[in-house]
Each structure stands twice: as C-alpha cells, then as structure tokens.
Amino acid sequence: MKIDKELIPNKSYERALYLGCGYTYEDLLKPKIAVVNSWNEINPGHIHLRKLAELVKEGIKEKGGTPMEFNTIATCDGIANSGNFSKYVLPTRDIIAASVECTVKAYNFDGMVMLCSCDKIIPGMLLAAARCNIPTIFLTGGIMEPKHFEDGPLKGKTFVTCDIKEAIGRFKAGDITEEQFFLIESHTCCSPGACNMMGTANTMACIIEAMGLSLPGCATLSAVGKKREELSRETGRVIMQLVEKRITALDLINYKSIENACKVALSFGGSTNMVLHMCALSHEIGGTLNHFDFEDLSKSVPLLAKFKPASEYNLSEFHEAGGIRVLMKKLSKYLDLTAKNVSGEHLKELLQNIEYDDYHIIRNLNDPIKNEGGIAVLKGNLAPEGAIVKQSAINPKMYYHKGKAKVFNKEEEVREALLTNKVERGDVLVIRNEGPKGSPGMRELSIPAALLVGMGFGDSVAMITDGRFSGATRGPCIGHVCPEAYEGGPIALVKEGDLIEIDIKNRKLNLLISDKELEDRLQNWKQPEPKIKKGYLNTYRKIVSSAKYGAYIE
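The opening residue of the sequence shown carries number 635 in our numbering; numbering runs sequentially from there.
Worth double-checking, as some hints may not be accurate.
[Stated by the list, open to error] With a straight-line cut-off of 30 Å between C-alpha atoms, the simulated DSBU-like cross-links for lysine-lysine are: (1) Lys1056 to Lys897; (2) Lys1150 to Lys1038; (3) Lys791 to Lys1004.
Worth flagging that the hints you see were computed from the coordinates, not collected in a lab.
Make a model of the complete structure from these sequences and hints.
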C-alpha cells in the first residue's frame, strides 16, 4: 500500500504496532471503533457478550469502520454478595469507568460501542462515555430466560433469579422441601443474560434505552435468539452513522435525558441503586443531582408498572407488553420529548407511532398502581441527610412501623441472627458501618433482605442500613442512611432496644430519644479504626463521596 510521505514519520510507530495485531494498512485508514466488552466466564450476564461482539464487529465492517475490541472487568453482584468481599462491588464501577476512559483516550478512537450487562458495569461505562465524549452506542446484553417448570414438585411455577434468594428463607422457614429448594437453585439460571427481575442491572439497561443510548427494545429483549443477534449487528451499523454525523455521547447524555430516564425508572419501580448511579452521572457532567432530588422526581410521576420481585411479572413479560417504548409513550406528558437518541430522532418522533393494547402489565395514566413513583426519600434525626427506600416493593402494613432496635455492626451479624432465629416480629434491624467509607465500599445487603422476606417477616420487621440494597430487594428495607456511621451519623449512635419510628407516607425516619441524649451519645462517640488499611479499598475509602451524591470518586 502506498502511504502519503507526510504521514510516514508521524504515525509509523503506531501503524507498526497495529500491524502486529493483525490489522492492515486499509484497516487503519478507516474510522477506528472501540468495541468495549465486559465479556468474561464468571458472570452469566456477560458469558454471551463475546458472541455478540463478533456480530457488532460485522455491522461496523459492513459500514466501513475498523472494530478494535478490548475488555474491562465485570463482577456479578450475586456471586460477590455470597462472600465476605461484596464490599468490592460498588467500587468496581469507578475502576470500569477509569479503565475505559484511559484506553479510549490513549488510543484516540473515533467511536465506541459499549457491550455491558449487570449492576455496576452499565453505570461504569456510562460514566466513561460522558468522560470520553466521542460517538457512542450501548448494547446491553439482554434478559435471562425465565424458568418454567412443566412437571415435578414445582409444576406450573415460574422462577427468576430473585426467587433463589427468597427460597433460602422459605427453606429455612419450612415452606418448601429440600427437593424443591434444589430444583430452584439448579434450574433457575437457565440461559445467559441479566437476571430476569427489576434489579439494578435491568433498571440501568432500561435507563440506557430511555436516554436514547441504545436501540429501541434493547433493554428488555432476550439475551438469546435471532432478534438479539440482528440487534447486535444493527448496533455496529449505527455507530458508524454516529461517527459520520459527529453525534457524541454528551449530545445524548444531558440534564434532560437524565431526568427523563429517572422518571421512567421511577414509574416502573426501579432499583434504589439507580440513585447512586444517576447522581454520579450528573456530577460527571457538572450537575448537582443528589438523592433528595429523587423525592421530587418520584412525586412527579405515577407508578405504572412493577416487576419481580415486587410483583408477579417478569422482564420477559414487560418486553412482550412493549417494554420501555410503551411505558414512555404512556408517560410522555411528563417527559421532555425534545431529547434525542442514537437513531437521530427526537423522543417525540420515536414515540409517535408506538401502539399498545396492554393494560395489565403497564398501566395507563388514568389508573396507575400508585400516584407517585417507586422511591421515597426519608429524613429525620436518624437520617438528617436522607435515606432511600423502594416504597413500591413494601407491604402497606409497613408504611408505618415502630419497633425496638437490634443493632449489628456488619452484614454477617444480621445474616447470622436471621439464620439462628434471633429476629422477632416487630424488630427494627439496624446494620451500620457498611457505608461507602465505613465498609468501605457500601455493601449490598441483598441476601439478608431476601431472607427477611422469605422467612415471613416482610410485614413485621424493618431493616435500616448505611449500606445499600439490591434492586431486587422487596420489603421494608431502608438504605443509604446519611451521614453514614463511619462519619458520625446518628445511625452510629443507636443502642440495642432504642425505639425507631418509620413513617414512609410522611417521609420520616426517627430515633425516639431526646435531642440531649443524642448529643450526649455523639460526644462520647469515637470514629472506629478503618476495617481495611491497604489496597484499593483503602484508597477508595479516602476519596469516595457520601451516598447522598452517588458515592462518586472525588
């Protein structure tokens, strides 16, 4: 191939190294497209992304680009939450963001496709997209198939991933047999894809679609099948259109698209973890979103849908009912319809031809499930800087609850108390020192929360923590208590037997002691020694913000 003489010295070293990777001179004259893949062999949400990446690359090549694939990490929350080091999970969001930023900026790519699933990987790549601000499109990995039992002791029943966690509690309570428990464990995860429930993974995939960063239908389409394969190829083709039109990530990631996406997620009872991720994203683009803003956002939209584990519907059924497009169509009067998407359309154009006939899965505005969205922000002397609860997933009996505190200083203690029958109806379980700095890493207490419900305590026992819960958590579980215990927040001062009052309707969370008693306890409080004094978590502890602002890296 003949090379322009002026280019010979300038890019010779770069070209030589690319040639060593197998690219040709012709490849290097085309737009270089980063295929950012979180494929690995240790996460069912990602196990199929290597295959999807090949299809994306076909689409890129078809439209005249050169795909160049690299990887980033992708931790499975469910696997990590079963061990002692789940505190690493949230901090991986910022590792992912930094790893993508470093590679994309160092290589000066012309565009990028983000292949991702699961809880921290989607938001990590979203932060990176905002930082890199080049033409970008997302391909989220799709939904794991639900498992329906045609025969046997579970005949006629359908299970998804969150049912496994609750089955632990049900088995402990004697509600299911050992055989049923084993069948649920061994057959429920029956395909690749994100867990088929409205956890953080699918909440964030839906947010990506609502922001216009993925193709329509991408969020809720099955992870397997011909439709997913063609969507992958089309994603590769569309990135080339974005490069040609010079539409960059920040043309799509802006204040109006963030607000639209938050409203959409609140209208389907999305994960409380979205509060962390959307606050962090807002900060990334110079915004000021914090968790108190979710109170106003939640009150501004009705609750039109609920999914596993907050209802009997799974995400496959959501897709069959029209998914995000139908929900946005029904919610359109509350959205900014001037927001654009990767197809180059305004939201108004995308929605104008959407038709629907479903009513049961996605309710109409004139008959919502509730008149406000799925998340409530509580405040009081126990959480002067706020706390988050998924009100759409709570038994109405627990909208108001007063009970005696049982205090635990780490997740393992409350898990042990549940499994050894040391929890009684009426209790308020307080789990502290699990915040961003104190854990460090802000652990997800999804297994204790599922045990609580599975053991039949969902209408009588509350759980409060400065840590966080899974998007798949249901029941009276209040997280993100700020300030956290490590910083001297009042949750650090709770004593065994103290009365705690939870009033979700009036957005109150109070420790029922006098102001003087609270002040006296604070005077006698001493900050605990850090749990971890080396490695990444030690660094994270020193630079992470409050959960109120999204636990972003300052």
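Now for the hints, and whether the structure bears them out:
no. : hint               : result
1   : Lys1056 to Lys897  : violated (40 Å)
2   : Lys1150 to Lys1038 : holds (20 Å)
3   : Lys791 to Lys1004  : holds (28 Å)
The structure is inconsistent with hint 1 alone, although it conforms to all the rest.
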